[in-house]
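Be aware that the sequence shown starts at 1, since it is given in UniProt numbering, and climbs by one per residue.
Everything labelled a hint here was simulated from the structure, so no lab data went into it. Quick caveat, the model's predicted, so the values are computed rather than measured. Some clues are possibly wrong.
To be verified - Restraint ranges, calculated between C-beta atoms of paired labels, are given here:
| # | residue 1 | residue 2 | range |
| --- | --- | --- | --- |
| 1 | N128 | I34 | 36 to 44 Å |
| 2 | I12 | N201 | 46 to 54 Å |
| 3 | T263 | L108 | 37 to 45 Å |
| 4 | K268 | L35 | 51 to 59 Å |
| 5 | P260 | K105 | 32 to 40 Å |
| 6 | M1 | A300 | 17 to 25 Å |
| 7 | R32 | T263 | 46 to 54 Å |
| 8 | H79 | G20 | 46 to 54 Å |
| 9 | D292 | N128 | 19 to 27 Å |
| 10 | A43 | E107 | 21 to 29 Å |
| 11 | T170 | I12 | 29 to 37 Å |
Beta carbons are placed, not taken as given, at the ideal position from N, Cα and C, and that holds for glycine.
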Amino acid sequence: MERKIVYLVNPISGTSKKDGIKKLIEKETTSRGILFEIMHTNAGGHYQLLREKIRAEHITDVVIIGGDGTVNQVTQALHELPVRFGIIPLGSGNGLALAARIPTKPELALSLIFEGSARPIDAFMVNNHYSCMLSGIGFDAQVAHDFASKASRGLLTYTQQSIINYFKATPYQFEIKLENFSFFSDAFFISIANSNQFGNNFKIAPQASLSDGMLDIVIVQKMNKAKLPFAILRQIRGNNKLQQLVEDMTKKNILYFQTPQITIRNLKLAPLHIDGEPRETADEFTISIMKDYFLLIQPA
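Whenever a hint applies, use it, and build me the whole structure from the sequences.
Here you go:
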């Protein structure tokens, strides 16, 4: 089938200028004789007109130029349509793109759109919230809430907010319910991961796969705060292997395990983020994987 591409540019994501990207897209796509159109993303997530356009004009590819929040919004709106999704990462963290080994340089990411292969990846639901990358409850969500309120949204701002919140952090109380087992934990945060990282190659769930039908759960339990950075560093370096949960519950600072579904009772109403974007919290979260949810263009 002849390819027809819609490029969706988020005009406010990340810190980069968009004019150069548009010129690059026009030059490279035209040189390959591929029909295309450049459109802006919709801040409210309303894509009915684009849905109709995809059906009427037989659009084959939707390429998202933006960050994880934009990827979340667009794939949620269009996932059931017969299109492939591509990413040219221009967000603050670009967690999903990095997990999928999509280059961060626009020229290389665009080349991948033309030369890569589209493969299905998973997503998951947190109550009624859709997530395609990584969501969290607690400390990391508080960072996301504070980060969202800042005028500047680069890595430096994110690091500053992380440090400020680290010194203020206190554990939250959770009850974790699995299919045949439940337990309580005082934890600084819980990450629910489909991709392996928050972004910027901060790999909180090193074993995570985008397409294995499993959620990777990381519970950073209460510990002496002086130990916290070192425990997280061990985790992101992959030195905490997937663990026997019952044995490790009382011994380990960080619990790391996989499951297709989990329920978390949020006893102290810890804050929530979905793919790095702050969301309203709840007193209980039911979280479940959605296997092979959409097609993503990735390196072969």
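Lying within 21 to 29 Å: is that true of the beta-carbon distance A43 to E107? holds, 27 Å
Is the gap between the beta carbons of M1 and A300 within 17 to 25 Å? The hint (17 to 25 Å, Cβ to Cβ) holds, given that M1 and A300 are roughly 19 Å apart.
When you take the CB atoms of R32 and T263, is the distance between them in 46 to 54 Å? holds, 48 Å
K268 versus L35 beta-carbon gap, inside 51 to 59 Å or not: Holds, at about 53 Å.
Using the Cβ atoms, figure out if P260 sits within 32 to 40 Å of K105. holds, 35 Å
Is the distance from the Cβ of T263 to the Cβ of L108 consistent with 37 to 45 Å? Given a distance of about 41 Å, which is inside 37 to 45 Å, the answer is holds.
Evaluate the given range 29 to 37 Å for the C-beta pair formed by T170 and I12. Given about 33 Å between the Cβ atoms, the range holds.
Is the gap between the beta carbons of H79 and G20 within 46 to 54 Å? The hint (46 to 54 Å, Cβ to Cβ) is violated, given that H79 and G20 are roughly 30 Å apart.
Using the beta carbons of N128 and I34, state whether their distance is inside 36 to 44 Å or not. At 37 Å between Cβs, range holds.
Within 46 to 54 Å: is that where the Cβ-Cβ distance between I12 and N201 falls? Violated: the Cβ-Cβ distance is about 24 Å, outside 46 to 54 Å.
Can you tell me whether the CB distance of D292 to N128 sits inside 19 to 27 Å? holds, 21 Å
Hints 2, 8, counting from the list given before, are not met by this structure.
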